[in-house]
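Using the hints, position chain L against chain E.
There are 2 protein chains.
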Amino acid sequence: MGPGPSDTHPRVLSAISAPTLGHLDPEFIVIMDEIKEMLQKVYCTKNELTMPISATGSAGMEACLVNTIEPGDRVVIAQNGVFAGRMADIVGRLGGELVLVDAEWGKIVPVEKVISAIDGKKTKLVGIVHAETSTGVCQPLQDIAKAAHEVDALILADCVTSLGGIPVEIDNWGIDLAYSGTQKCLSCPPGLSPITFSDRAVEVLKNRKSKVASWYLDLTMLINYWGGDRIYHHTAPVNMLYGLREALILFLEEGQENVFKRHQINHKALVGGIESMGLKMLVDPEFRLPQLNTICVPDTIDETLVRQQLLQNYNIEVGAGLGSLKGKVWRVGQMGHASRRENITLFLSALGTILNTQGFSNDTSSALSRASSFYN
Amino acid sequence: MGPGPSDTHPRVLSAISAPTLGHLDPEFIVIMDEIKEMLQKVYCTKNELTMPISATGSAGMEACLVNTIEPGDRVVIAQNGVFAGRMADIVGRLGGELVLVDAEWGKIVPVEKVISAIDGKKTKLVGIVHAETSTGVCQPLQDIAKAAHEVDALILADCVTSLGGIPVEIDNWGIDLAYSGTQKCLSCPPGLSPITFSDRAVEVLKNRKSKVASWYLDLTMLINYWGGDRIYHHTAPVNMLYGLREALILFLEEGQENVFKRHQINHKALVGGIESMGLKMLVDPEFRLPQLNTICVPDTIDETLVRQQLLQNYNIEVGAGLGSLKGKVWRVGQMGHASRRENITLFLSALGTILNTQGFSNDTSSALSRASSFYN
Numbered sequence: 000m001g002p003g004p005s006d007t008h009p010r011v012l013s014a015i016s017a018p019t020l021g022h023l024d025p026e027f028i029v030i031m032d033e034i035k036e037m038l039q040k041v042y043c044t045k046n047e048l049t050m051p052i053s054a055t056g057s058a059g060m061e062a063c064l065v066n067t068i069e070p071g072d073r074v075v076i077a078q079n080g081v082f083a084g085r086m087a088d089i090v091g092r093l094g095g096e097l098v099l100v101d102a103e104w105g106k107i108v109p110v111e112k113v114i115s116a117i118d119g120k121k122t123k124l125v126g127i128v129h130a131e132t133s134t135g136v137c138q139p140l141q142d143i144a145k146a147a148h149e150v151d152a153l154i155l156a157d158c159v160t161s162l163g164g165i166p167v168e169i170d171n172w173g174i175d176l177a178y179s180g181t182q183k184c185l186s187c188p189p190g191l192s193p194i195t196f197s198d199r200a201v202e203v204l205k206n207r208k209s210k211v212a213s214w215y216l217d218l219t220m221l222i223n224y225w226g227g228d229r230i231y232h233h234t235a236p237v238n239m240l241y242g243l244r245e246a247l248i249l250f251l252e253e254g255q256e257n258v259f260k261r262h263q264i265n266h267k268a269l270v271g272g273i274e275s276m277g278l279k280m281l282v283d284p285e286f287r288l289p290q291l292n293t294i295c296v297p298d299t300i301d302e303t304l305v306r307q308q309l310l311q312n313y314n315i316e317v318g319a320g321l322g323s324l325k326g327k328v329w330r331v332g333q334m335g336h337a338s339r340r341e342n343i344t345l346f347l348s349a350l351g352t353i354l355n356t357q358g359f360s361n362d363t364s365s366a367l368s369r370a371s372s373f374y375n
Numbered sequence: 000m001g002p003g004p005s006d007t008h009p010r011v012l013s014a015i016s017a018p019t020l021g022h023l024d025p026e027f028i029v030i031m032d033e034i035k036e037m038l039q040k041v042y043c044t045k046n047e048l049t050m051p052i053s054a055t056g057s058a059g060m061e062a063c064l065v066n067t068i069e070p071g072d073r074v075v076i077a078q079n080g081v082f083a084g085r086m087a088d089i090v091g092r093l094g095g096e097l098v099l100v101d102a103e104w105g106k107i108v109p110v111e112k113v114i115s116a117i118d119g120k121k122t123k124l125v126g127i128v129h130a131e132t133s134t135g136v137c138q139p140l141q142d143i144a145k146a147a148h149e150v151d152a153l154i155l156a157d158c159v160t161s162l163g164g165i166p167v168e169i170d171n172w173g174i175d176l177a178y179s180g181t182q183k184c185l186s187c188p189p190g191l192s193p194i195t196f197s198d199r200a201v202e203v204l205k206n207r208k209s210k211v212a213s214w215y216l217d218l219t220m221l222i223n224y225w226g227g228d229r230i231y232h233h234t235a236p237v238n239m240l241y242g243l244r245e246a247l248i249l250f251l252e253e254g255q256e257n258v259f260k261r262h263q264i265n266h267k268a269l270v271g272g273i274e275s276m277g278l279k280m281l282v283d284p285e286f287r288l289p290q291l292n293t294i295c296v297p298d299t300i301d302e303t304l305v306r307q308q309l310l311q312n313y314n315i316e317v318g319a320g321l322g323s324l325k326g327k328v329w330r331v332g333q334m335g336h337a338s339r340r341e342n343i344t345l346f347l348s349a350l351g352t353i354l355n356t357q358g359f360s361n362d363t364s365s366a367l368s369r370a371s372s373f374y375n
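These protein sequence lines are chains E and L, in that order. Under numbering that gives the first Met the number 0, the first residue of the first sequence is numbered 0, with each subsequent residue one higher. Under numbering that gives the first Met the number 0, the first residue of the second sequence is numbered 0, with each subsequent residue one higher.
In isolation and in its complexed conformation, chain E is listed as follows (with noise of 0.2 Å):
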C-alpha cells in the first residue's frame, strides 16, 4: 500500500514466468499487436503510435520529452510536486527554453497560472502531470490542453499513477502525449512504460531537424519495430510483456468502470476511517486521488516508526513524504489490485493501533464501522 510498485496481480505474475519467446518470433508478434490494442483501449484513444517503452515510468517521461524537444524549444512545465520537477530537469538537458509553473505542493495547479506562462508565445510543449504521486492530487486536465493547443504547442501528460485507476481520456482531453508505468493501477512488476502519441505530436516527431538526443528511446526507430515492419531495434523484455499483456486483460475482463468505482469506495472508506480517527488528509476532497492517499502525519507522531512498525509488525508498507513534505504525510496507496476492502480494514486497524501506542489516542472500533459503512 505504498506509492507504488504495488502488489501484482497473481494472474501476472504466473504469465510473466512463461517460457521466454524470441522478439521477433511469429507468437510474440501476435502479443505485441494484442498489447498495442488493449492499451489503446487503457488510454481511450485512437492513437496508431500507442506502445509500451522498454523501461520504467521515468524513461516513459523521458521518451516523450526527448522525442519532442530540440535545442531552443519553448517548454512549459507546472509543477505541483516531484514528478513535474523531473520533467523540467529533463528540458533542461534537452536544451530547451524552460518556463516553470510553479504552483502549491498538495494543491492542484491552476490553469491560469498555465496560460499566463505560455503568455501568447509560441510553445513547443505544455508538461503536466495527472495524478502526482509525491502528493496525491489530481490535475483537471482539459481546460490546460486547450489552453496549450491555443498556441499550437502539444500537450503531455504523466499518467503515471492515474492509467488503470481513475479515467484517462486521451482523446476526448485532447492529450497529445502520455505516459504511464505498469507498476501502479495496472498491477504489473515495474519495468515497463506505455505511451501514446497523438498524430500532431507523430507530426512532430518526423519533422524535427536534429536526431533524437537517445538512441534507446529513439522513437523514429522504435515505430519500425512496433509498427507494421518489425525491424529489430533492442530485444524487447519479453517476459515483462506477458505480465503486461495480464493485466491489461485483466482491467477489461473487470471493465474500466467497475475498476474505478472499486477504487473509488475503497479510497472512501479509507478517508472515512482516517478522518473518524481524527487525521487529516492533505488534499481538497474534489482533487483527491482514490489510489493514492496523503494523509497529515500528527505533529507528535514519529513518522518514520509508524512506517517501520506498519511493516515489521503488520507487512503493510506505505510511502514518507518527498521534497517538501518529507515527514508531513503519509503516502497510502490502493492501486489496481491491492484496492481491495481487506487492504482498507488492515491498514486503518494497524494504524489506529500504532497511533494509540504512541500517544495519538483514536476509537479505531469507530473508524472501522465509519469505513464499513462506505460498501453499504
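A portion of the hints provided could be inaccurate.
A pair holds if it fits inside one copy or across any two, identical chains being indistinguishable in the list.
[Claimed, not checked] For lysine-lysine, the following DSS-like pairs were computed, each having C-alpha atoms within a straight-line distance of at most 30 Å:
1. K210 <-> K325
2. K40 <-> K325
3. K205 <-> K325
4. K325 <-> K121
5. K35 <-> K205
6. K260 <-> K205
7. K325 <-> K106
8. K210 <-> K121
Source of the hints: derived by calculation from the structure; they are not laboratory data.
Structure of chain L alone, referenced to chain E:
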C-alpha cells in the same frame, strides 16, 4: 537457439514470479547488494560501480557512452559488425568527434588498425565489441586496452553476448567500461543491462563539465540508489532483478570454469556436426564464439525457409544474418541454460533433415556421430 533472448532457466522463471517488493524495502536492498557482489564476481572485477541498468543491453551501451562522452570528445569506435555501428551512432548523438575503424565482418579488428586510428592523439574513449552477436567473432581486448591507455583514453567493451559464456576479465584486461544483457548467457529474460565502471571511468564521470544528456541513465544520480544512500531515482524493475539474482546464483553454483567448459564442448560438437555435413563456419576457428555460431548458408539453399521449418516443425529458433550478412548466414546460439547436449543433437538432426529435403544432401547420421564424439 537464436542470438538471444536465449531460454530462461526454470529457476529464474520461478524467481521472477515472486511477489513484488517495494524498491526501497529493506529486504529488497539486501537483494540489490547480493546482485552487485555477484556481478563483480562474474565480471572478475573489484569495481565499486557495478550494477544493472533498468533496461535492455542497448540501454547499457547508451549508459556507458552518455555518462562519459561530452560534446567535442574524440572517440574511436572499432566496427566489425552491427553493434559497433550502434556505438558510433550514439557517439554522433552525443556530439562526439567520431573516428570509425572499419574492419571486415566476420573477422576481428586488428589491433594495428585501432592504434593507427588513435594516432597518438588525445582521445576520450575507445569502444569495441567483445562478442559480436551479428558475426560470432570473439575480439581479443588486452592489446587494444593497452593502446587506449597509452593516450589516456577509456576502453569500453560490449560484453552483451560474452558475459557468462566465455571469460570476461575486466580487471585483468584493464577494461574501463563494460555492459552486458541478461538474456544471453545469463539465461534471464531480457530487460536489464549489467554495467561496470573502473575507478578511471568514475573519475571521468565525476569531472564532467556538462550534465549527462539522459536523466534515466545518469549515473551521477543512479549511484546514490545503488550505493549507500539508497536515494530514490526511479522504481527499479523489482521482479526482473529477482531473476538476475537467481541467474547469478546459478552461474556461481556451477562455477565459472565449468560453465565455460560446457559452452566449449557443446560448441565443438556443433561445429563438428556442421562441418561433417559439408557446411562452413563464417569465423576462423581461433576467434569463434562458442555461444554464437555463424554458419554460412549454401548458395542453393533458401535460408528463410530453413529457419521457418526449424521453428514450425522442431520448435527451434535460429537467427538470420544482419546487415551485410543478411541472407548469408544462420546465427545459432547455445547460451547459458540452452547450452546442452540435447539441444545440439536436436538442432543437427533437424537441420540435416531439412537440408536433405532442400537438395543439399548430407549424411546426417555421420554428422551426429561426429558431434557425439566430443562428449567422450
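Structure versus earlier hints, numbers of those that do not hold, lowest first: 2, 4 and 6
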